[in-house]
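Enquirer: Sequence:
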Amino acid sequence: MKTMERQMDALGRIVLPAGYRKQKNLQAGDVLCVDEQEGKLVIYPRKARCVLCGGKKELLSHGRHTLCEACWKELHI
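Residue numbers for the sequence shown follow this note's numbering, beginning at 1 and rising by one.
Keep in mind that the hints were calculated from the coordinates and are not lab data. Take the hints with a grain of salt, since some may be wrong.
[Claimed, not checked] The calculated SDA-like cross-link candidates involving lysine to any residue, where the alpha carbons are at most 20 Å apart (straight line), are:
#, residue 1, residue 2
1, K56, E36
2, K73, G63
3, K24, R64
[Unchecked claim] Now the in silico label distances, taken between C-beta atoms and shown as ranges:
#, residue 1, residue 2, range
4, L11, E74, 38 to 44 Å
5, T3, H62, 34 to 40 Å
6, K73, V15, 37 to 43 Å
7, K24, L60, 37 to 43 Å
8, A10, H62, 16 to 22 Å
9, E74, Q37, 35 to 41 Å
10, Q23, H76, 32 to 38 Å
11, Q27, E69, 21 to 27 Å
12, K56, Q7, 20 to 26 Å
13, G63, K22, 16 to 22 Å
14, L16, R64, 16 to 22 Å
15, H76, D30, 21 to 27 Å
16, G39, D9, 41 to 47 Å
17, Y20, R64, 17 to 23 Å
Values in this document were obtained by computation on a predicted structure and should not be read as measured data. From the three backbone atoms N, C-alpha and C, an ideal C-beta is built for every residue, glycine too.
Based on the sequences and whatever the hints tell you, model everything.
Expert: Structure representation (structure tokens):
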């Protein structure tokens, strides 16, 4: 991966370039995790979870929303 430099503003924010966001399929509102590994900050997208129960298995996506199969069935009876 290519190293890029970004200046942090007074509130601690950085901007990821549009081309990089598009390449990684990142959109406004996505949750990114920040972790420290071997003294370096690592930023990565949070793994998908059901928006209702937080489950991580048998996920179905509808637009920007992700539901597990059990919650999907409850809503679509």
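Enquirer: Take the hints in turn and mark each one as holding or not.
Expert: Hints, one by one, checked against the model:
1. K56 <-> E36: 24 Å, violated
2. K73 <-> G63: Measuring from Cα to Cα gives roughly 17 Å; hence the hint holds.
3. K24 <-> R64: Holds, at roughly 16 Å.
4. L11 <-> E74: 38 to 44 Å: Given range 38 to 44 Å: holds, Cβ gap about 40 Å.
5. T3 <-> H62: 34 to 40 Å: Holds, at about 37 Å.
6. K73 <-> V15: 37 to 43 Å: With a Cβ separation near 40 Å, K73 and V15 satisfy 37 to 43 Å, so the hint holds.
7. K24 <-> L60: 37 to 43 Å: With a Cβ separation near 22 Å, K24 and L60 fall outside 37 to 43 Å, so the hint is violated.
8. A10 <-> H62: 16 to 22 Å: Hint violated: Cβ distance 38 Å, outside 16 to 22 Å.
9. E74 <-> Q37: 35 to 41 Å: 38 Å, holds
10. Q23 <-> H76: 32 to 38 Å: Roughly 34 Å apart at Cβ, these two residues keep to the hinted range, so it holds.
11. Q27 <-> E69: 21 to 27 Å: 24 Å, holds
12. K56 <-> Q7: 20 to 26 Å: Distance hint for K56, Q7 is violated at roughly 35 Å.
13. G63 <-> K22: 16 to 22 Å: 18 Å, holds
14. L16 <-> R64: 16 to 22 Å: 18 Å, holds
15. H76 <-> D30: 21 to 27 Å: At 26 Å between Cβs, range holds.
16. G39 <-> D9: 41 to 47 Å: 23 Å, violated
17. Y20 <-> R64: 17 to 23 Å: 20 Å, holds
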